[in-house]
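Chain X is fixed; fit chains W and L onto it per the hints.
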Amino acid sequence: MSSQVLKSVHPFGEEAVDIVIDDGLIVAIVAPGSGVGDVIFECADLIALPGFVDLHTHLREPGREDAETILTGSQAAALGGFTCVHAMANTSPVADTAGVVEQVWRRGIETGLVNIRPVGAVTVGLAGKQLAELGAMAQSAALVRVFSDDGKCVHDPLLMRRALEYVKAFDGVVAQHAQDPRLTEDAQMNEGVLSGQLGLAGWPAVAEESIIARDVLLAKHVGSRLHVCHLSTAGSVDVIRWAKARGINVTAEVAPHHLLLTEDLVASYDPMYKVNPPLRRLDDVTALRQAVADGTVDIIATDHAPHPHEDKDCEWAAAAMGMLGLETAFSIALLTLVEPGLLTWRELADRMSIAPAKIGRVSDQGRDLAVGEPANITVVNPRARTVVDPTRMASKSRNTPYAGMELPGQVMHVFYSGRCTVRDGELA
Amino acid sequence: MDSDRVVLDEADIARAIRRIAHEIVEKAKGPEDLLLLGIPTRGVFLAQRIADAITTIEGVQVPCGALDITLYRDDLRLRTVRALESTLIPTSGIDGLTIVLVDDVLFSGRTIRAALDALNDLGRPAAVRLAVLVDRGHRELPIRPDYVGKNLPTSLAENVRVLLAEVDGADSIEIIGGGT
Amino acid sequence: MQHLLSAADLSTEEAVLILDTAAQLAEVTDRSVKKLPTLRGRTVVNLFFEDSTRTRISFEVAAKRLSADVINFAAKGSSLSKGESLKDTALTLEAMGADAVVIRHGASGAPHRLAASSWTGCSVINAGDGTHEHPTQALLDAYTIRRHLAGGTGDLSGLSVAIVGDILHSRVARSNVLLLKTLGASVTVVAPPTLLPYGVDSWPCSVSYDIDSVLPQVDAVMMLRVQAERMQAAFFPSALEYSRLYGLDSDRFTLLPDHAIVLHPGPMNRGMEISADVADETRSVIVEQVANGVSVRMAVLYLLLGGMAEVE
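Protein chains in written order, with this note's numbering: chain X, 18 to 445; chain W, 62 to 241; chain L, 887 to 1198.
The reader is advised that the hints may include incorrect statements.
[Stated by the list, open to error] Distance windows between CB atoms, simulated:
(1) L:Gly1007 <-> X:Asp203: 31 to 37 Å
(2) L:Val1173 <-> W:Ser147: 24 to 30 Å
(3) L:Asp974 <-> X:Asp441: 41 to 47 Å
(4) W:Glu201 <-> L:Gln1113: 56 to 62 Å
[Unchecked claim] Facing chain L, a subset of chain X residues (Cβ under 7 Å, in silico):
(5) Gly209
(6) Gly216
(7) Ala334
Rather than coming from a laboratory, the hints here were simulated on the basis of the structure. No experiment lies behind these values; they were computed from the predicted model shown. Note that CB positions come from ideal geometry on N, CA and C, so glycine has one too.
Looking at chain X on its own, in the form it has when it is part of the complex (with noise of 0.2 Å):
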């Protein structure tokens, strides 16, 4: 293998170096002229980060290839700056067993893109009545460390205190999809005063928050790990708080749209703005992003749903819920956190790449930039512009709320253990 140099790039945003990338390593970091390699990348103004790690993608495979497959869900993801996703278990078949997961992990391998991490079902089918097996997913050859009926809530609260407890004989994380479902039956979009107006059946924030209040008490309880996906109100944010602030061993996640979109896109009833858990109030807003700058909120998470055109050209009613986030996830973080103060880019690093890795248990992912170190590096220009074409798009699927923003940042290089997967922000 060439070894390749990074010219004269600023890691986390910091002094320029050479970096040089050797056999799937960082072989050396130097002063900025003096790297040596075969194959030379001009950095200048560009800045490098730990490649990102999504802890929440729907990969669609198997079962709904004609959403997205796991070669154009790696493709979407090595544009977006990832070097690993972890697959949501909501596929057909569900992952709820050792053989599908371990399926999903080698056509991951095959692929060759990011890494691919297999997210394994809490439950049978997400059907909540009864627990997968855990265990033999979390020993497959996939090495399961989270588990997630996402989609669906875990509601029964003895199932949940089992999984949370079972869960810690191999280290592993229950990520939790807080909705009650009695409090949002055939809900639509936020409850308050505009689903009143639309005559839109209202998800209550309180159907969230009364599912992360009893989570976070039951891990308390059984001394378990819980990990909350896709935060989306000021008042779970609240409940996180409380509980971090009490030592309960619990982790936040919040997607892009949650950061920048507010509910009063629905007003349109595109049902591009369709999304679980649905878009909320600007203080919402506010409030996660806050959460993401103080720590309260750890992670980024893209919650990547990709659904075919014909899901999503029809009615609100009859629409899919779910965004592309993939390939817009960092621009969304730039334009909501790091240019407006919020974050440094050493703490996007934490919150895109080594929370999520850490989280995730994957061990060689959001590694820092060091001599000896995996080279998963994302490196991109925070002073580009583009407007967000759908038709551009890697994924399979169109469904993004950003077409014809204009949004800062583009990825340009990226290096998943070693291997250029994207040069100049087109596939390598």
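Okay, now just chains W and L, sitting in the frame of chain X:
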């Protein structure tokens, strides 16, 4: 340069209305079974003035109403939608009456065509006559007036504007535009 | 106006114009030839994804009185799981050269989707969408109130109207609150708290849980249909209790001022939200509402289709 010319003043208009009133009574051999129907907006006021003139001449009240022809127009789709005006017809209907349609200006004849269609849906009058204050020519349909206040030969580039005190504050008839 | 999607879209002037036009067109109903040639050559499609015989017939009669060609397209059985049928149907109708689509749909916002999409260039008239709006019903209610209480002209300034019942699930209530406010009336919605939408306190109306304190103050009271099935979802304990607390029976009827009228959008649940004797009272204008519905819908069709297409 455009020129606006007043061609009839208040006194001319009053004379024309009196003459029309006389002719209507004469032709109808008396004011019985007459109904004057004005076409909104100015035709309605003209019909009322003619009715008043007949009262002065004959000493009887001639019934007077309004016929909005908007819903029967053939050019609806050529313009933005128009608000409707009132149609006022005696509760006993129009069957057997001699109806005099009254309008301010007779031009293409299409308004009168629409009025005839409207009358057709309302009943079966004994006869329908047409009274206009101005006939400016340029007919596009085989329609001719029975009573004319003033024949005003015009070019197609010109416009005839009838002003009545009830709506416009004063009476006059002007020809607008078309000048050299 | 290109579409009629929501009562909120109507200015006072537009709303009064529709009511005035309806009043002119109502005269056609009284004569022997009930047909006008106005919309000859225009095609109006009644696209009903939900059963509603009375609304469909009302639009059908209105369109036919204006000489429009009417296509009834009952998309029954088109459940939400087959949501794309809205798009496919719209494309089909567009290909057939429809000029206006009157749409009834179970999903809130479906008419907005149709109007905003590239699926069709037709005028879209909302004939009831989910639990959102039903603007022509509000227009016919306002027309009826105006005829009885405001001399049949102008707006509804100074009048007080109560809307009683399942406000939460009612598209009629939403459209009426908006339109009556636009026309200058003051509105009070009356319901048990479970049947009021979240955030109702920010609506342009007053809110009460007590019908008996409201009735003496109003000029018109509109009783909404309450489905007994709602009690399955714990909105109220029993049909009997609902009827006892919120139903308009003959005792409550006496609380109304002598001039006050009773409206109901139909179909009624006699014995539930309204007792049979009150429904048949002379001051109940429920049957008249149906006739007024035709005039109002003729007015809407004329004003949307009677001129050249607006260039947006």
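In this structure, is the beta-carbon distance linking W:Glu201 and L:Gln1113 contained in 56 to 62 Å? 59 Å, holds
Let me know if the C-beta of X:Ala334 comes in closer than 7 Å to any C-beta of chain L, holds or violated. This hint holds: X:Ala334 lies near chain L, its Cβ roughly 4 Å from the closest one there, short of 7 Å.
Proposed interface contact between X:Gly209 and chain L, which counts if any beta carbon pair is under 7 Å: 6 Å, holds
If you check the beta carbons of L:Val1173 and W:Ser147, does the distance land in 24 to 30 Å? Distance hint for L:Val1173, W:Ser147 holds at roughly 26 Å.
A range of 41 to 47 Å was offered for this pair. Does it hold for the Cβ distance of L:Asp974 and X:Asp441? 42 Å, holds
How about X:Gly216: closest beta carbon in chain L under 7 Å, or not? With a closest approach of 3 Å, the X:Gly216 hint holds.
Does the hinted range 31 to 37 Å hold for L:Gly1007 and X:Asp203 at CB? Taking Cβ atoms as reference, L:Gly1007 and X:Asp203 lie about 32 Å apart, which means the hint holds.
Hint check: no violations occur; every hint is consistent with the structure.
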